[in-house]
Amino acid sequence: MIPNVNNDSGNKDEGQGNSASDLSASFLNLLVAQMQNQDPTNPMDNNQLTAQLAQFSTAAGVEKLNSAMGNMQALMAQLGGMGTAAWVGRSILIEGDPQVSFSDGEEESDTFSFLLGEDAETVTVTLTDAEGNAYTAQLKGVKSGVKTFSLDDLQNFQPEPGPPQDREYTLTFDAKNPEGDPPKISGLMQEQVQGVTITPDGAVLHLLNHEPIRIGDVVVIQK
Numbered sequence: 001m002i003p004n005v006n007n008d009s010g011n012k013d014e015g016q017g018n019s020a021s022d023l024s025a026s027f028l029n030l031l032v033a034q035m036q037n038q039d040p041t042n043p044m045d046n047n048q049l050t051a052q053l054a055q056f057s058t059a060a061g062v063e064k065l066n067s068a069m070g071n072m073q074a075l076m077a078q079l080g081g082m083g084t085a086a087w088v089g090r091s092i093l094i095e096g097d098p099q100v101s102f103s104d105g106e107e108e109s110d111t112f113s114f115l116l117g118e119d120a121e122t123v124t125v126t127l128t129d130a131e132g133n134a135y136t137a138q139l140k141g142v143k144s145g146v147k148t149f150s151l152d153d154l155q156n157f158q159p160e161p162g163p164p165q166d167r168e169y170t171l172t173f174d175a176k177n178p179e180g181d182p183p184k185i186s187g188l189m190q191e192q193v194q195g196v197t198i199t200p201d202g203a204v205l206h207l208l209n210h211e212p213i214r215i216g217d218v219v220v221i222q223k
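In the UniProt record's numbering, the protein residues as written are 1 to 223.
It should be emphasised that the hints constitute simulated quantities derived from the structure, not laboratory data. All residues carry an ideal CB built from backbone N, CA and C; glycine is no exception. Do not rely on the hints blindly, as some may be mistaken.
[Claimed, not checked] Label-pair ranges, simulated between beta-carbon atoms:
| hint | residue 1 | residue 2 | range |
| --- | --- | --- | --- |
| 1 | T172 | S103 | 17 to 25 Å |
| 2 | K143 | R214 | 37 to 45 Å |
| 3 | T197 | F157 | 20 to 28 Å |
| 4 | G216 | K184 | 28 to 36 Å |
| 5 | D201 | D166 | 31 to 39 Å |
| 6 | V88 | E131 | 30 to 38 Å |
| 7 | R214 | A130 | 13 to 21 Å |
[What the hints assert, rightly or not] With a Cα cut of at most 20 Å, we get these calculated EDC-like pairs of lysine to aspartate or glutamate:
| hint | residue 1 | residue 2 |
| --- | --- | --- |
| 8 | K140 | E179 |
| 9 | K223 | D119 |
| 10 | K147 | D217 |
| 11 | K176 | D119 |
| 12 | K184 | E168 |
| 13 | K143 | E168 |
| 14 | K184 | D110 |
| 15 | K140 | E168 |
| 16 | K176 | D97 |
| 17 | K140 | E118 |
| 18 | K147 | D201 |
| 19 | K143 | D119 |
| 20 | K184 | E95 |
| 21 | K143 | E95 |
| 22 | K140 | D153 |
| 23 | K143 | D153 |
| 24 | K147 | D119 |
| 25 | K176 | E131 |
| 26 | K184 | E121 |
Sequences and hints are given; from them, build the entire structure.
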């Protein structure tokens, strides 16, 4: 065990960091002090010296490894951010309730998408307008995966004669099969990437009409 050293050595150690080079300097200072202050009648033997050198080597190696891993993580975050930056201006699909309009104007669309966990015999689509009026329609025999349809694909609107076509609707979905648990289904809404922020935890996408999201929240990258 390394004994206490004189005050001069203690002052030299104040403010030293935890890098591999700092650890090396501290260890050598303490080792020299220990040898200078050892009992002449009971000096340190070679086994004790070897054990202390081994402990130092292990500590320094761990410090260097931690430093290397930190640098690698920072590099991977930068590379991931550089790739994500190419998405600026691209359209993406993320989970959320899509909005549609029968007019299909320049800033409106009559198409919608959802993510279906497994094949479904029936998908019920509920269209709700800004006043809370709701209408339902159906899609038959839908396969699993990301699916895109238009309002023209919907059948059996209820209540009849169906939703007025001069307004915008928010869509929600429900999937069913005659037997077993209902398939999981999630609406997908289209967004546009306006910018990217690189953080230590990865890339953050800034969207046109939605709060920022993580890259892992993107379901589909569109052209």
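Report task. Run the structure past the numbered hints and jot down the numbers of the failing ones, going up. Result -> The structure breaks hints 2, 3, 4, 5, 7, 9, 12, 13, 14, 15, 18, 25; every other hint is satisfied.
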